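S.K.: This is what each chain is made of:
There are 2 protein chains.
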Amino acid sequence: MIDHAPIVIAPIVILVRPQLGENIGKAARAMLNFGLTELRLVAPRDGWPNPAAGPAASGADQVLDEARIYDDVAQAVADLHHVYATTVRPRDMLKPVVTPVEAVAAIRSTQGKSGLMFGPERSGLDNEEVALADRILTVPVNPQFSSLNLAQAVILTAYEWYQAQVNDAVNAQADVARPEMERLPAPKAEYQGLYDQLERDLASRGFFRSAGRKPTQMRALKTLMQNAGFSSQEIQTLRGVLKTLTWPERDGPESGEDDR
Amino acid sequence: MIDHAPIVIAPIVILVRPQLGENIGKAARAMLNFGLTELRLVAPRDGWPNPAAGPAASGADQVLDEARIYDDVAQAVADLHHVYATTVRPRDMLKPVVTPVEAVAAIRSTQGKSGLMFGPERSGLDNEEVALADRILTVPVNPQFSSLNLAQAVILTAYEWYQAQVNDAVNAQADVARPEMERLPAPKAEYQGLYDQLERDLASRGFFRSAGRKPTQMRALKTLMQNAGFSSQEIQTLRGVLKTLTWPERDGPESGEDDR
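Residue numbers (the numbering used here), protein chains in the order written: chain A, 2 to 261; chain B, 2 to 261.
Bound conformation, chain A alone:
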């Protein structure tokens, strides 16, 4: 008798500021080939819909028709629990770097919704966008010649997703144990609320030495919070703490009652 494996939630593909409609279509085709159907577009350069996308999708119209558009990455990942930022070269950020295989294994071992972010054709994701991710996804490639384009990065990741599904079906018959579930971090919107509160209250107290250093300092704080993997409850607690600290001191350290 086989005990049923928990439902696995397919990752959402997020194309950030994609330039060519043709590449959006190719990404949709790559996705559907390997069973991924949910596509999000962040500020596509040439607007949306894009007439060049359909032909390049060669039949994966369903993915394009259901694509959702967002103004920025923060909005696009607001409801996601785990976000992966795809980069060609490692960035000097304190985030775990994983391969497609490792990312797929992690995605399959959580009940939360996961997103795979891919940057613009030329520049890739900027540091602000990468800072919103939990992990950095990098495809191991020939160091003497690394020339993966957008559609290729998408298809290799989607491919690994589908292979794991296929192996799962095989293992299910072999009754192989599934990896156990990890604890669920808060959705990104709750992290964003925490970041906004921190930035506002710190700025008004001169925490940021200069306007120029502010982005770097905020990025460091975001990474610090992100790595912690706080739950929704923990983020509520933290926000209560931060709020309290902005109040004027009014009682002695041994203070008791307070009627908030």
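If you are wondering where the hints come from, they were derived from the structure by calculation, not from laboratory data.
Just so it is clear, the structure is predicted and the values come from calculations on it, not from any experiment.
No false leads were slipped in.
Derived lysine-lysine pairs resembling BS3-like cross-links, with alpha carbons at most 27 Å apart:
{"no.": "1", "chain 1": "B", "residue 1": "Lys-189", "chain 2": "A", "residue 2": "Lys-96"}
{"no.": "2", "chain 1": "A", "residue 1": "Lys-244", "chain 2": "B", "residue 2": "Lys-223"}
{"no.": "3", "chain 1": "A", "residue 1": "Lys-244", "chain 2": "A", "residue 2": "Lys-215"}
Position chain B relative to chain A; hints supplied.
M.R.: Leaving out everything else, chain B in the frame of chain A:
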């Protein structure tokens, strides 16, 4: 002491009757991305060299320059020990059908030269050509939407080849740091300092509803911080943040300089 793995011979990619020079270039690019350099072309429709190939190779010229041309498959595979015929749909032939992973494992376990055959864009390999192969190579793909093009079939196979090489290197020296980042949590004394600062500054602002609830609330905060596994650097940053928040608000949110 590391025992040396036997020398592994990289497979040769054989494009049979390819139609578009652009696809030959894309295949070369896909190969070099994943460490494959030996390309053979069987009766390319538009002859060889093909001016459309170079631009599509985006730098993988070496692969194109060294490509060898053959009149038919029999000649192209004459010196090979193991030949794989890539097909989208399984043919009713009495040959073993393998996935890219299985093919790569087999190729890496033989001392003979192996070849990966890919057919023309539209029609694929004909049965005569498949008959010259030892095994049929099929990429597991969404049965509801299987639309892999030539370059995609090449890159997925080359990708599996390279991943196996990388894993080999990793296994060969298991103690070498993996991309996954190891985070050293701060010593307990630094956590204690953080807790003391929090307790003092929160108490003086009436965070603790009552003296009775204070221990419970502090325990919750400690657990929250502990689970995060902050580094020493992160704890320093956090303490700077908390300190700042206890200062009176004095500038507008967009404040700049501060000479702490």
